[in-house]
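> Use these hints to put chain Y onto chain V, whose structure you have.
As a plain string of letters, each chain reads:
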Amino acid sequence: NWEELDSRSAAVGKGTMNKDKIFKLAKGFRGRAKNCIRIARERVEKALQYSYRDRRNKKRDMRSLWIERINAGARLHGVSCFLCVFQVNYGNFMHGLMKENIQLNRKVLSELSMYEPYSFKALVDISSNAFPGNKGPKKDSSSMVA
Amino acid sequence: MASRRCLGALTRHLRARLFSTSALENPQTLSLRFLGVTIPQRTSSDLDICRRAFRCSISIRFGGVRRCSSRPTNPSDKEEDEDDESEVEEEYEEGGESSDGENGDVRASKCVVQRGKSDEEKVEEAAEIGYKVIGPLDSSENPFKPYEPFFAVVQIGSHQFKVSNGDSIFTERLKYCEVNDKLILNRVLMLGSRSQTVVGRPIVLDSAVHAVVEEHTLDATVIIFKKKRRKNYRRTKGHRQELTKLRITDIQGIDKSENIVAVA
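If you read the sequences in order, they're chains V and Y. The first sequence maps to residues 1 to 146 in my numbering. The second sequence maps to residues 147 to 410 in my numbering.
FYI, nobody ran anything at the bench for these hints, they're computed from the structure. Don't take every hint at face value.
[Stated by the list, open to error] Derived lysine-lysine pairs resembling BS3-like cross-links, with alpha carbons at most 30 Å apart:
no.	chain 1	residue 1	chain 2	residue 2
1	V	Lys46	V	Lys34
2	Y	Lys377	V	Lys21
3	Y	Lys373	V	Lys59
4	Y	Lys377	V	Lys24
5	Y	Lys391	Y	Lys402
Just chain V, with the same shape it has in the complex (with noise of 0.2 Å):
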């Protein structure tokens, strides 16, 4: 009875509260750390600090990761269009954008690289476009003499 009233949430004591609860939370660590409460409640500290330290990184490491796949796409679509030494990359095809008031984030510009390759490319001869325009009227006579 003594053992089973220690288990409950009914006891008074500090830790019994919320040893199950940290047991849950310690789900999936290494060794003893899911399993011994002493160091099941150092580690699960540290993971919730981890946890609200990454809440903010989270934004930044999704932002970056939008950036390359961006950069990636830009630099696919540009290539084989315009074969200059002026070539598309990422700043290139944002500041064409933003010239062009086009208002997409860079979170939508991501995915329409990967699932909409039409539409990127759409998006990445708009912005060779607007930007750099000097290659334009070269690029046109090129073909037309060939």
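Positioned in the frame of chain V, the structure of chain Y alone reads:
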């Protein structure tokens, strides 16, 4: 000066009483009932006059003359507005006002907040800020169609979503809409199909995305834990964000016939 304006309003009120038909009994009821008791529907002109008279009567009683001076500007703007104003909330405003009685500044902030929430016009404006327009509630029809290969990029608040027919998205809690409400999301940044891409600068005109509010929920619990080591400082807090789940039913604004066009 303000008292003079109140007197002018009172005389106007008396003149209105003589001319209007239904206003005979209502001002008396107003003067008697201070705290938000329901009053039958009237036109807005009566309401404004009665409201002004009511406020002036409060000011004379409590001596809060400042309130009366700043008020008449607002109703004078609104006299030409729409007729359907929710009156019960208006009366609650009056009730809140009368119950305070002392500080004009406190009453100013309270009244501005309540007035912003109560008017239907303000509700619509707030919906526009969130880039949605509330359509009518769902009838017995079934608006859910099978999947169509078209997508749209929609902005709600500050978040953008790439949506298609039949998707469900989680947004921040949208006020002013209930479950099973039809929404029209009018800030559409891009549309796409197999053969076409429509890019808006910044939004595509004449396009709309229809959605239905599926549920208003809370997110999963996030534990906010702060600790400073060796300083005996530890804080634990839980947080559940309020969300709205929308289901996208229709995308309009793009040509949906199957065009087989060679895409460059």
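> Next, verify each hint and record whether it holds.
Each hint tested on the structure:
1. Restraint check for Lys46/V and Lys34/V: the C-alpha separation of about 13 Å stays at or below 30 Å, so the hint holds.
2. A distance of roughly 24 Å separates the Cα atoms of Lys377/Y and Lys21/V; the hinted pair therefore holds under the 30 Å criterion.
3. In summary, the hint linking Lys373/Y to Lys59/V is supported, as the alpha carbons are separated by about 22 Å, within the 30 Å threshold.
4. Straight-line distance between C-alpha atoms of Lys377/Y and Lys24/V comes to about 27 Å, which keeps the hinted pair within the 30 Å bound.
5. Proximity of Lys391/Y to Lys402/Y is assessed by CA-CA distance (about 26 Å); at most 30 Å being required, the pair is judged to hold.
Violated hints: none; the structure is consistent with every hint.
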